[in-house]
Each structure stands twice: as C-alpha cells, then as structure tokens.
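In order, the protein sequence lines correspond to chains A and B. All the letters of the first sequence, read from the start, carry residue numbers 2 to 294 under the numbering used here. All the letters of the second sequence, read from the start, carry residue numbers 51 to 295 under the numbering used here.
Read the hints as simulated data drawn from the structure, not as lab findings. Mixed in with the good hints, there may be bad ones.
[Stated by the list, open to error] Under 10 Å between C-beta atoms, here's a sample of chain B residues computed to sit facing chain A:
{"hint": "1", "residue": "V62"}
{"hint": "2", "residue": "N102"}
{"hint": "3", "residue": "A131"}
{"hint": "4", "residue": "R157"}
{"hint": "5", "residue": "P163"}
{"hint": "6", "residue": "K210"}
{"hint": "7", "residue": "L213"}
Just so you know, even glycine gets a beta-carbon here, dropped at the ideal spot from N, CA and C.
So the chains spell out like this:
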Amino acid sequence: MSNFQKNPEVVISPASGAIVSPIASRLEKVQWWLLAVILAGLLALYFILTDEQMTRVFFAVAGYVPFDPTQPGTTGAITLLTRGIGITLRTALSAYLLAVTIGLLVGLARVSSNPIINNLASLYVEIIRGVPILVLLLYIAFVVVPIVADALGLSTRDFPNEVRVIVGLGIAYGAFESEIFRAGIQSIERGQMEAARALGMNYFQAMRHIILPQAIRRVLPALGNDFIAMLKDSSLVSVLGVSDITQLAKLYASSTFLFFQTYSLLGLIYLTLTITLSRGVRWLEMRLSQDRR
Amino acid sequence: MSDDIIIIEHLVKQFKNLRAVDDVSLRVGRGKVLVIIGPSGSGKSTVLRCINHLETPTSGLIMVDGIHVDAKASHINAVRAEVGMVFQQFNLFPHLTVLDNVCIAQRVVRGRPAEECRRVALTQLERVGIPEKASAYPSQLSGGQQQRVAIARALAMNPKIMLFDEPTSALDPEMIKEVLDVMQDLARSGMTMVCVTHEMGFARNAADEIVFMDKGKIVEQGDPETFYTNPREERTRAFLSQILH
C-alpha cells in the first residue's frame, strides 16, 4: 500500500479505496454539488441584473419597494428590514433564540432527578414533537393567543402576527433543541459530575461550570443545523399572512402569473441563505474538532 | 475514644441485586494511612465512595471529623469540603487548562479571589512536580501527569482527608512511580489517607493499616508487615499469591 502511494502514477482513492490516477483522486475531492449551486446562483444573479422583468421579480420577493414618484409611500428607503428578507431573517433568529432558551431549560429539566420537573418536561417534548409545526402555529396563533389575551384583558390585536409566529416556532423548536441539550449533557462522562461534586460543588455549580460548557461544545453543530431548519420552516409563517419572502412570492406570482420566475428566485434566495449557513456550520465543526485536543 | 477522624459502623450498600458492602465497620485515625485491597467487586471502592457520599449508604453510620454523613445536603457539602478524592480515571475537566482545573473549585466553592486561587494552585502544582504545565490542557499531558494534577486539584481545597480510588490502575507502568512518589510525600506530611490500591510497595512503605475485603466484607486487617508476610486467613493468602505472582 505504501508503495502505491510513493508511486506518482497511482493513488488510493480515499472515497472508494480503489487505485486511481492522481488527477482522478483530486477530482474526487471537488464538491461538485456546491459548484453546481454556485453556478445556478451566478446565472440567476446575471438575469436579475440584466433582465428588467427578473429585477422586478427579485425586488418583489425580497421585499424591496423601489422609489416611484407616482406612488405615495415609496420613499426608496430600505424596506427590506420591514418586509421580505428582513422578516424572514428576523423571525428565524428571534424564534431560534427563544427555542434555544426553552431547549436549554427543558433539557436540564429532562435530566433532573426530580420526578415532577422531569415528567413535565417530557410531557412538553412528547406533545410538541408529535404535532406538525404548521398545525402548532395555527393553534398558537388562533387558539392560545386569544385565550391568553382574554385572560390578560387585552385585545388579540395587541399580539401582532409576527410575534405569534415567533412564539409558535420557538415553542415548536424548543422541543427539538431540548433533546439536543439532553443528549449533550448525557454524553458527558459520569466522572465529570462526580469529580465536581467531590470537590464540593453543588449540582447547579457543577452543571454551570463543568457539564454545560462541555456539553454545549459537543452539540454546537447540531444546534447550527437546527438554525438552518428554522430558517426554512420560517416560510410556514406565510399562512398567517406575515410578509416574509414566501408570502411576498405567493402574492406576486398570483398577481402576475410569473410562477416560474418567482418561485425559482424564491428557492434560490432560500438556498443562498441555507447553504451559506451550512458552510458556516461545517467550518465551526472543523474548528471544534481541531480544538478538541 | 481515640482521635478517629473517620468512623464507619455497620455500613451496608445494596445495589439492585447485589450487596456491594455488607456490614463493614472501620476506623481511621487522624494522620493515618489506610490501604484497602481486595479482588474487583469486593466493595472496596464503594466503601470509599460512601465516605464522601458519592454513593448513598443503604444503612449504617459514617462520621467524618465529627460530622454525620447523612442525606442532608449541608452535611454532605461540609464533608466534601474536607475530603479530597482522586479517581482511577483522573476525571480532569478537559475544557479547562491545568491551572483552571486546580482553581475552579476554590473559586466556585470557597469563593477565593482569583489571585489567591492562582497562588494556591501554583503551590500545589509545584508540590506534585509539574508547575510548568499550568497552561496546558489535560489531553496534552501523560496519564501520570494528569493524575498528579488531579491530586493537586484536590489538595488546593485544603482537605483534611484524601481518598484515592485505584489512582494508578489506569496508568502505564512507567508512570506509576511518579504518582506513588507524590502519594508517599503526602503520607509523610501527615495527611489522613484512605487508598484503594494494589501497589504493595506503597502499602508497605506508607500504610499504617491494611484492610482486605472480599464479597463486601472485611476478611482481615492489620499492619502491613504481618499482613503481607504472615496473613491469618486462607482467603487472604490466596489473593496475595495472585497479586504477588
């Protein structure tokens, strides 16, 4: 085997284990799928920049309203922050922060030895995981929020749709994040907790200083993946009439009949966001594995 | 009553189908070194872990320096603050540097200011002979070095008693000596120690008393010289012939 590797004419392929030429081995390492996506993205960018119709479609989906002297209220200022991409990113990020917070607390509750806390947490996780996210969003927006508003003596209008979907997505994803945290905590060797306790730390001190820092490091890639999933699932909020990019695309396509252009662009916008993020997660994963001495 | 810092009376620990410790009574005098030996599964580690309540005894009484070790959290924490423990698998905190490993409990439990933690930590690392590794991470150290850091970590809390749970069993042979040397120094300095170990050299040099356990019971106990050269019980002789080759 080492003879083969010294010979420049042949190389053992890392993927298949077969003996191949050096060029073929190099070609194997290229991530073709990524190249294809980047190429499609560049092509789309070319059309957006050169084709007037595509420019309009892109602005409509992204949520940008260009300045038009004949239309009142079109200042040309950045409307992206309040519509389209801004809504999508803001919803995903806020809901994700909520989900991670819930997930951490519920994850801790799931590993608690207190049977009441433990069972309540399990109940939450099992119920939320068993209901489709779309159904959960509708339920929270149209059932839970009115009940809560009623109880607080407020009007349902005090709860904007954007807040409802953030809470809904946060609660839904909180169940998944809690399982990630639980798995991370349980993956830490028993001896770590014992050593911390033997040094006199109480349970919470040991969790905070010894167990969680290690557990969170281990689950960071999984948490990152869920942020990508959250970004995609934020498209569900369009059913509640929140003007994220999916909603804007739906409206624009049905009024112009430019289905192909609109939905292709919509898909590409999501891909650009998710693939950028997933590359980031990969990078993080690699850095952490190098760090793990 | 003599000056016994650890008193164990009629200790029983029952796991589901296994009586790991079966009516064990022991006393350890202040400044004395007790070595517990016995085949695996004899309950020796469980006795040790009951002393600082890492295992909850099923029944029996444990007193450590006048504190009754029962389920009361305040008692347990009070005892743990006086008892240092060293584990077979070192159990260093891998996300912290050596210095932080030795500092963290001082800071979190004792509430010492950072500068004092550092000073105490460096003193203890000096004592176990590896002050130069203070900024390394545990995984960059050899097994012997890791175990010495673990000893320094326990000592930094100024314990009155040190428990050693097979501290050299996970080490490569050439690293055992450096750990035993540290333990021997510690014994000479007057520390009360309870050690589960099969290192006969250490037991003969440092121990004041040897306890041999089998199947959860104490079979024989006595001073090291008589114990190794002239054991009374047949079971002890059989075990010693196994480990002495």
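These are the hints, each one checked on the structure:
{"no.": "1", "hint": "V62", "verdict": "violated, 21 Å"}
{"no.": "2", "hint": "N102", "verdict": "holds, 6 Å"}
{"no.": "3", "hint": "A131", "verdict": "holds, 5 Å"}
{"no.": "4", "hint": "R157", "verdict": "holds, 9 Å"}
{"no.": "5", "hint": "P163", "verdict": "violated, 17 Å"}
{"no.": "6", "hint": "K210", "verdict": "violated, 13 Å"}
{"no.": "7", "hint": "L213", "verdict": "holds, 8 Å"}
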